[in-house]
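K.L.:
The chain contents come next:
4 protein chains.
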Amino acid sequence: MDFASDNSGGASRKILEALVTANAGSTPGYGADDYSLAASRKLAEVFEHDCSVFLVSTGTAANALALSTLTPPWGAVFCHEDAHINDDECGAPEFFTAGAKLVSLKGAQGKISLAALEDAVERFPPGLVKQVQPASLSLSQATECGTLYSLDELQNLTAIARHAGLGVHMDGARFANAIESLNCTPAQMSWKAGVDVLSLGATKDGALACEAVIVFDPARAAELPFRRKRAGHTLSKGRFLGAQMSAWLDDDHWRELARHANSMAARLAMGLTEIPGVRMPWPRQVNEVFTVLPGDIDRALRAAGARYYDWGARGLTAMQAPGADEVFVRLVTSFATTQDDVGQFLKVARSAA
Amino acid sequence: MDFASDNSGGASRKILEALVTANAGSTPGYGADDYSLAASRKLAEVFEHDCSVFLVSTGTAANALALSTLTPPWGAVFCHEDAHINDDECGAPEFFTAGAKLVSLKGAQGKISLAALEDAVERFPPGLVKQVQPASLSLSQATECGTLYSLDELQNLTAIARHAGLGVHMDGARFANAIESLNCTPAQMSWKAGVDVLSLGATKDGALACEAVIVFDPARAAELPFRRKRAGHTLSKGRFLGAQMSAWLDDDHWRELARHANSMAARLAMGLTEIPGVRMPWPRQVNEVFTVLPGDIDRALRAAGARYYDWGARGLTAMQAPGADEVFVRLVTSFATTQDDVGQFLKVARSAA
Amino acid sequence: MDFASDNSGGASRKILEALVTANAGSTPGYGADDYSLAASRKLAEVFEHDCSVFLVSTGTAANALALSTLTPPWGAVFCHEDAHINDDECGAPEFFTAGAKLVSLKGAQGKISLAALEDAVERFPPGLVKQVQPASLSLSQATECGTLYSLDELQNLTAIARHAGLGVHMDGARFANAIESLNCTPAQMSWKAGVDVLSLGATKDGALACEAVIVFDPARAAELPFRRKRAGHTLSKGRFLGAQMSAWLDDDHWRELARHANSMAARLAMGLTEIPGVRMPWPRQVNEVFTVLPGDIDRALRAAGARYYDWGARGLTAMQAPGADEVFVRLVTSFATTQDDVGQFLKVARSAA
Amino acid sequence: MDFASDNSGGASRKILEALVTANAGSTPGYGADDYSLAASRKLAEVFEHDCSVFLVSTGTAANALALSTLTPPWGAVFCHEDAHINDDECGAPEFFTAGAKLVSLKGAQGKISLAALEDAVERFPPGLVKQVQPASLSLSQATECGTLYSLDELQNLTAIARHAGLGVHMDGARFANAIESLNCTPAQMSWKAGVDVLSLGATKDGALACEAVIVFDPARAAELPFRRKRAGHTLSKGRFLGAQMSAWLDDDHWRELARHANSMAARLAMGLTEIPGVRMPWPRQVNEVFTVLPGDIDRALRAAGARYYDWGARGLTAMQAPGADEVFVRLVTSFATTQDDVGQFLKVARSAA
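Chains as they are written, first to last, in the numbering used here: chain F, 310 to 662; chain P, 310 to 662; chain Z, 310 to 662; chain A, 310 to 662.
Do not take every clue at face value.
With a straight-line cut-off of 20 Å between C-alpha atoms, the simulated EDC-like cross-links for lysine to aspartate or glutamate are [claimed, not checked]:
id: 1; chain 1: P; residue 1: Lys323; chain 2: F; residue 2: Glu326
id: 2; chain 1: A; residue 1: Lys351; chain 2: A; residue 2: Glu583
id: 3; chain 1: A; residue 1: Lys415; chain 2: P; residue 2: Glu390
id: 4; chain 1: A; residue 1: Lys656; chain 2: A; residue 2: Asp560
id: 5; chain 1: P; residue 1: Lys415; chain 2: P; residue 2: Glu427
id: 6; chain 1: P; residue 1: Lys439; chain 2: A; residue 2: Glu532
id: 7; chain 1: Z; residue 1: Lys415; chain 2: Z; residue 2: Glu427
id: 8; chain 1: Z; residue 1: Lys415; chain 2: F; residue 2: Glu326
id: 9; chain 1: Z; residue 1: Lys415; chain 2: F; residue 2: Asp396
id: 10; chain 1: F; residue 1: Lys351; chain 2: F; residue 2: Glu326
id: 11; chain 1: P; residue 1: Lys439; chain 2: A; residue 2: Asp396
id: 12; chain 1: A; residue 1: Lys415; chain 2: P; residue 2: Asp461
id: 13; chain 1: A; residue 1: Lys323; chain 2: A; residue 2: Asp560
id: 14; chain 1: F; residue 1: Lys439; chain 2: A; residue 2: Glu532
id: 15; chain 1: A; residue 1: Lys415; chain 2: P; residue 2: Asp526
id: 16; chain 1: P; residue 1: Lys439; chain 2: Z; residue 2: Glu532
id: 17; chain 1: F; residue 1: Lys415; chain 2: Z; residue 2: Asp561
id: 18; chain 1: A; residue 1: Lys439; chain 2: P; residue 2: Glu390
id: 19; chain 1: P; residue 1: Lys656; chain 2: P; residue 2: Asp560
id: 20; chain 1: F; residue 1: Lys439; chain 2: Z; residue 2: Asp619
id: 21; chain 1: P; residue 1: Lys415; chain 2: P; residue 2: Asp461
id: 22; chain 1: A; residue 1: Lys439; chain 2: F; residue 2: Glu532
id: 23; chain 1: A; residue 1: Lys323; chain 2: Z; residue 2: Asp391
id: 24; chain 1: Z; residue 1: Lys323; chain 2: A; residue 2: Glu326
id: 25; chain 1: Z; residue 1: Lys351; chain 2: Z; residue 2: Asp619
id: 26; chain 1: F; residue 1: Lys439; chain 2: Z; residue 2: Glu390
id: 27; chain 1: P; residue 1: Lys415; chain 2: A; residue 2: Asp396
id: 28; chain 1: A; residue 1: Lys439; chain 2: P; residue 2: Asp391
id: 29; chain 1: F; residue 1: Lys439; chain 2: Z; residue 2: Asp391
id: 30; chain 1: Z; residue 1: Lys439; chain 2: P; residue 2: Asp650
id: 31; chain 1: Z; residue 1: Lys439; chain 2: F; residue 2: Asp397
id: 32; chain 1: Z; residue 1: Lys439; chain 2: F; residue 2: Asp391
id: 33; chain 1: Z; residue 1: Lys439; chain 2: F; residue 2: Glu532
id: 34; chain 1: A; residue 1: Lys439; chain 2: P; residue 2: Asp397
id: 35; chain 1: P; residue 1: Lys415; chain 2: A; residue 2: Asp560
id: 36; chain 1: A; residue 1: Lys439; chain 2: P; residue 2: Asp619
id: 37; chain 1: F; residue 1: Lys415; chain 2: Z; residue 2: Glu390
id: 38; chain 1: P; residue 1: Lys415; chain 2: A; residue 2: Asp391
id: 39; chain 1: F; residue 1: Lys415; chain 2: Z; residue 2: Asp396
id: 40; chain 1: F; residue 1: Lys323; chain 2: F; residue 2: Asp560
Hint data in this document are derived by calculation from the structure and do not stem from the laboratory.
Using the sequences plus the hints, can you model the full thing?
P.N.:
Structure (structure tokens):
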């Protein structure tokens, strides 16, 4: 009953097997191997667009590298105040950009509101030397609240960005879960929606450690080989990243894994909704369930060995905030979550209600 | 016949199996898992010393993180002019230290000479504000020439460093090959020899992608969790690094792999020495053979599909430099090199002589 | 009628004369001259405390250097959202700290509220690796709204900071105006109030270009000679900074200049208050008057050649925001402002009312 | 008898008077004043070329800002091993470029040799990801040895640079002395000689603290307003920089001051040459005399109160190195040096011979 993170599980069997297969023989290093080249090719196909691909081993590296291609040291990155880049990466974007400023924007349920972005663009006019210069917009899809921008919402935000001359980054740590939920193509949720550079995460969706920085306009990628190398993110035995990404994409394996994680979360959410006293501040959309639990249920679950994070009151309005004997928690499912895990969790919760 | 790099091969079977074993079940993320904790414990045992351990996935990251703990932005790192940190990491040390200066020192066969270090220490007196401040000494063991400092040579260099208030870093990308060749303990070649922070490389010696930053005085390691995180080098599924390092250390697997690589290089060197026209500018010591080949032999080997790097004239004196129809090359063996690879290589070379 | 900035005027006659006097003869460079040494000595006397002093030529340099001594690259600086360091220095703190994060705090009239600081301290627990680490608190005295923290308010804020292990910086660009208004000693408003490092501004108060970074615990100043040098802020003919600072301090010249600027602002504020339709969102405290003017008055003043900045709605509550034909403006006086300037301004305003 | 530095003297009377004149009245801040605008205009005239001008208060700032416009964080700056940027600025270029690498080149008498530059260009092929990327060439005119590149030598070096795609920076801390000595126009020694960005120093030549970054292709200057601001080098009372630069240029004042300094050095060199036992390793060209003095003479001069730096053996060949009772020294003259200073110095030296 580990619902702490989609990083709690290991890797999918197929991906692990691909690693073993890729182990044989001798290859060139630093990403010039056939596995890495194949991964790039497959990503171009899946995204229906020419692109430059840079594989790395963490999402933080992918995000920070992506932002550094869009933002000069004196630039502003507009992002949601709860964004992973703002709150969970120990200043990696500031490090990789050599000192850019992340400007926190507000918006309900983890999503930047149009008004907040419009206001920010107005507050940072280009050319006003005393201020940092507007440079990029970073959108998380899915968000830190497990919610999704609709394709229309993405278009509206990126239209403002484009008009203001901002580059657009998408933190796609849960990109696969998002397209499964929105039932759209990878292209629709990325470059067709105005995204310039995507951090595509495989790790949370069944890989060991593999993320791709995807630059849809290869002209913008000229600096990235050097940026990646000097950040220590160019693996010498690059085949092991290439093999993960290739296996992840093959036969829609990535979508299958995400679909499973989403469905486990759906089942969990549905079960919880039926329990008296349990509240959902917003509907589940991907593989994360945010819910306010009565203290009794929380204690029973903890006692039974369930693992998940207390989420404080992040993302909640004042009216939604947990009451005296309530706790707001985040439950995350993954490719490795089983129906049994969910069933057992719900059973304990129901008994304690 | 791939002698291009010790990164050309995959991973050892044992390490791959350990990865598969570690895949099962649910673990905490970010290095708090049992595999990573075990790796730290084993390193402390192997090195016979308390230490703080930080696992990362590349040697460049390990080196740059290590140097950043020893060197302020206005500091000087003394290193050999051909050191990997100076010549092959695209400025990673400068990036991680926020702008320190690498001061190139000379010395035959890739080894910093005592005189060069003494001179550097004199040229950079502490407190002279107009200059960068002397901060650290970085030693590569084995060096970029595949040579080794003797334990006495290490002691002499680190004594100067200590006297000058410098922290000492060792780039141990081929540490295992070095202790096998010197027939000494890990402790003797590290903290007992005056090393403060060691980059211990497993990747070149049979791992997929795993290096350890080992800080022998844990008080000096306080910044490293943050430095590693913001560099994007804290893997979320940390178990996969821990499992590699653990399996690498278990049952002296790391030494066995290095011994094999060294012995393949020894066999290669011995065979080459017997071929007329082939010259060795210095004796082989680890898993790298540097040799001047007559053009005929080089062409025959390339034609037969052998892979290795042309080394220009790096490390050679004017008298040793390759002549009109000669080429200076580097041949690297690894755990994956077979006696057949070596035999076939020598056979082609002999025929062409 | 230039009320745009306290930088609009030149330098005081006494300071200019001191520069001419200091010009004679030959001196050592880089701050080892007698004028600079005297300035340090005088600052120690004026502040009744041992201190390390670093003279520079801009307030941005002073602030950024000060913050860099208190904040590691992965640190958080807590500051008011409208602070000069956050909004008007083009990312200088991020540059000098190598990427620290400025965390914006709220509070009425430019002053950080206790609750906001307490909340921030709670949101950034030390040791939580995924977040930047709490490192420093920066207080502006006077604030960007021309308001002042009382000595008690300073004590309360710095007590929280100290308890949380934060270093305390004060941006004292208008420090002289502040002590004149609070009628306290420099010591009371700095180290006695919990300030570790002070940026003391002379430029806005009658110097040409001179600011001091004052570190009250000299042990904390060890890095500053190097930080200042590599930022290009160590003047070779350092005597010219020393001479400015010395003359500014001599015979309470600095306080006299500030007193004049404050009294001109007081006169301006008093006059404006008596004009129908003019509103003051908060009382004037130093040499800045923030006021909502009816459109007619604003237009008449502009037409008469008055210079001042439109302040948008910064610092105002929704209820205070300027109405349809109103404008919120900032009026700044300085040592160079004359009674005539003020009289003429008020006359035009009255006529237009 | 202060021959320690051209920073030992104060400022020229004309420049000081210009400062007093500029003090009157009210002006816009941050370089938008008439004095600064006039300075830019005059520089364009003097250099016979459109240019973007950025005034700052130190040579270190000018150099570091200039290099940061030409060199990415992963770039290499080729410079002489004794260049001021390499040896005397405490890592400022590394700081402003966010971590670029200064690659030291050799050459007699402080001048980069053609062969050394050709070799460097060959060692750093563009696109080789493991190395820093060739980005810029920095030439000091005059050099740290007080020597000059001829116009032909400049052309030959910048031709290699241009062919290799390098931007060219000139450190012109003693630019005025150089053009006086070469008897050429400012244009001939800058953009006509292939220089892209010039640090033009007025401080050593009679100003208080004033240097200009001159970018000859304004398109390359787009980032500089932000870089200067965030480095704290945009003076709020910018008129004081503008007034210095304007007065320095007016009526060829700058050339007159340099001519005087050069002629004092010429007289000094001539006098020293005639003293038995005194050696000149290379001919004087600007306002610096490098000479090997017998110990007796050195001691007599020190005893008489003369100030100058012991230069070790920097720039000397082994054969030129000072003998047992000799010392190699640098003597610098400036606009403030008098014939009496020189006469008295020579008299003491002659007596001691």
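K.L.:
All hints, please: hold or fail.
P.N.:
Each hint, compared with the structure:
no.: 1; hint: P:Lys323 / F:Glu326; result: holds, 15 Å
no.: 2; hint: A:Lys351 / A:Glu583; result: violated, 43 Å
no.: 3; hint: A:Lys415 / P:Glu390; result: holds, 14 Å
no.: 4; hint: A:Lys656 / A:Asp560; result: violated, 35 Å
no.: 5; hint: P:Lys415 / P:Glu427; result: holds, 11 Å
no.: 6; hint: P:Lys439 / A:Glu532; result: violated, 27 Å
no.: 7; hint: Z:Lys415 / Z:Glu427; result: holds, 11 Å
no.: 8; hint: Z:Lys415 / F:Glu326; result: violated, 53 Å
no.: 9; hint: Z:Lys415 / F:Asp396; result: holds, 18 Å
no.: 10; hint: F:Lys351 / F:Glu326; result: holds, 19 Å
no.: 11; hint: P:Lys439 / A:Asp396; result: holds, 7 Å
no.: 12; hint: A:Lys415 / P:Asp461; result: violated, 33 Å
no.: 13; hint: A:Lys323 / A:Asp560; result: holds, 11 Å
no.: 14; hint: F:Lys439 / A:Glu532; result: holds, 13 Å
no.: 15; hint: A:Lys415 / P:Asp526; result: violated, 40 Å
no.: 16; hint: P:Lys439 / Z:Glu532; result: holds, 13 Å
no.: 17; hint: F:Lys415 / Z:Asp561; result: violated, 48 Å
no.: 18; hint: A:Lys439 / P:Glu390; result: holds, 15 Å
no.: 19; hint: P:Lys656 / P:Asp560; result: violated, 35 Å
no.: 20; hint: F:Lys439 / Z:Asp619; result: holds, 16 Å
no.: 21; hint: P:Lys415 / P:Asp461; result: holds, 19 Å
no.: 22; hint: A:Lys439 / F:Glu532; result: holds, 13 Å
no.: 23; hint: A:Lys323 / Z:Asp391; result: violated, 42 Å
no.: 24; hint: Z:Lys323 / A:Glu326; result: holds, 15 Å
no.: 25; hint: Z:Lys351 / Z:Asp619; result: violated, 39 Å
no.: 26; hint: F:Lys439 / Z:Glu390; result: holds, 15 Å
no.: 27; hint: P:Lys415 / A:Asp396; result: holds, 18 Å
no.: 28; hint: A:Lys439 / P:Asp391; result: holds, 13 Å
no.: 29; hint: F:Lys439 / Z:Asp391; result: holds, 13 Å
no.: 30; hint: Z:Lys439 / P:Asp650; result: violated, 47 Å
no.: 31; hint: Z:Lys439 / F:Asp397; result: holds, 5 Å
no.: 32; hint: Z:Lys439 / F:Asp391; result: holds, 13 Å
no.: 33; hint: Z:Lys439 / F:Glu532; result: violated, 27 Å
no.: 34; hint: A:Lys439 / P:Asp397; result: holds, 5 Å
no.: 35; hint: P:Lys415 / A:Asp560; result: violated, 51 Å
no.: 36; hint: A:Lys439 / P:Asp619; result: holds, 16 Å
no.: 37; hint: F:Lys415 / Z:Glu390; result: holds, 14 Å
no.: 38; hint: P:Lys415 / A:Asp391; result: holds, 17 Å
no.: 39; hint: F:Lys415 / Z:Asp396; result: holds, 18 Å
no.: 40; hint: F:Lys323 / F:Asp560; result: holds, 11 Å
Comparing the model with each earlier hint shows violations of hints 2, 4, 6, 8, 12, 15, 17, 19, 23, 25, 30, 33, 35; every other hint is respected.
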